[in-house]
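K.L.:
Protein chains in written order, with my numbering: chain A, 1 to 114; chain B, 1001 to 1113.
Do not rely on the hints blindly, as some may be mistaken.
[Said to hold, decoys possible] Residues on chain B that point at chain A, a partial pick, calculated with CB under 10 Å:
| # | residue |
| --- | --- |
| 1 | Gly1041 |
| 2 | Leu1044 |
| 3 | Thr1045 |
| 4 | Ser1046 |
| 5 | Leu1049 |
| 6 | Ser1070 |
| 7 | Gly1071 |
| 8 | Phe1103 |
| 9 | Gly1104 |
| 10 | Gly1106 |
These are calculated hints, taken from the structure and not from any lab test.
Predicted model, so just to flag it, every value in this text is computed and none were measured.
All C-beta atoms in this analysis are idealised placements derived from N, C-alpha and C, irrespective of residue type, glycine included.
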Amino acid sequence: NAGVTQTPKFRILKIGQSMTLQCTQDMNHNYMYWYRQDPGMGLKLIYYSVGAGITDKGEVPNGYNVSRSTTEDFPLRLELAAPSQTSVYFCASSNPWGQTYEQYFGPGTRLTVT
Amino acid sequence: KQEVTQIPAALSVPEGENLVLNCSFTDSAIYNLQWFRQDPGKGLTSLLLIQSSQREQTSGRLNASLDKSSGRSTLYIAASQPGDSATYLCAVRGNTGGFKTIFGAGTRLFVKA
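Just chain A, with the same shape it has in the complex (with noise of 0.2 Å):
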């Protein structure tokens, strides 16, 4: 059982490249988040998602785009990449049975663009 797991763990983009940050989730949780993480801050939500075929924009949605085509991934790209996007990226994957919905988390890509 790995849990959440990302790919790749650092990257460095030029800016306007484009790339997809993979997460992958074995613990059959419906529910999975992306997140982005600035230096002292908190995560903000990107996008998520309840299930296969759903997702919603989360706070900080500009700039990239989800899919969830199985119960186990769900990609985040990035499209014209943007020195703002400058950030390290967590997705998060939780459990609506027991209904507490306890989130784990990834250990993050922590990505720069130049």
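On the provided structure of chain A, position chain B as indicated by the hints.
P.N.:
Same frame as chain A, but now just chain B:
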């Protein structure tokens, strides 16, 4: 709009002290509140989760309380150890609007040996 504030932003204590971290939120219509620990350069580890109907949760040396009506939660750490040094984040999950979670900026704790 829900806002979550954590005070203090940083705290330094000698080993063995009991300490309290504070979290306040502006909208009392919450589903639950979760406390996390984050070590430098690492992901978040869940410490305690309190449902809106609960008043407190305990795990080992940690005790988290929730007062929904006043919009406050505290994380009490007993007999602090250098290994407790980390950033502690609280996160509030709403009970409407897709159950979105709002995080505080965290309290950075340093426990001196």
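K.L.:
With a cut-off of 10 Å, does the beta carbon of Gly1104(B) approach a beta carbon of chain A closely enough for the hint to hold?
P.N.:
holds, 5 Å
K.L.:
When the nearest CB of chain A is found for Phe1103(B), is that gap smaller than 10 Å?
P.N.:
Where the cut-off is 10 Å and the nearest Cβ of chain A is about 3 Å from Phe1103(B), the hint holds.
K.L.:
Interface hint check: Gly1106(B), Cβ to nearest Cβ on chain A, cutoff 10 Å. Holds or violated?
P.N.:
Interface hint status for Gly1106(B): holds (6 Å vs cutoff 10 Å).
K.L.:
Return the status of the interface hint for Leu1049(B): holds when the least beta-carbon distance to chain A is below 10 Å, violated otherwise.
P.N.:
holds, 5 Å
K.L.:
Given Ser1070(B) as an interface hint, is its Cβ closer than 10 Å to any Cβ of chain A?
P.N.:
Since the shortest Cβ distance to chain A is 21 Å, the answer is violated.
K.L.:
Tell me if Gly1041(B) is really an interface residue toward chain A, meaning its C-beta lies closer than 10 Å to one of theirs.
P.N.:
holds, 8 Å
K.L.:
Under the criterion of a CB-CB separation shorter than 10 Å, is Gly1071(B) in contact with chain A as hinted?
P.N.:
violated, 16 Å
K.L.:
Holds or violated: is there a CB of chain A closer than 10 Å to the CB of Leu1044(B)?
P.N.:
holds, 4 Å
K.L.:
Answer holds if the nearest beta-carbon of chain A is closer than 10 Å to that of Thr1045(B); otherwise answer violated.
P.N.:
holds, 8 Å
K.L.:
Using 10 Å as the Cβ threshold, decide whether Ser1046(B) counts as touching chain A.
P.N.:
Since chain A brings a Cβ to about 6 Å from Ser1046(B), closer than 10 Å, the hint holds.
Hint compliance for this structure: hints 6 and 7 are not met, and every other hint is.
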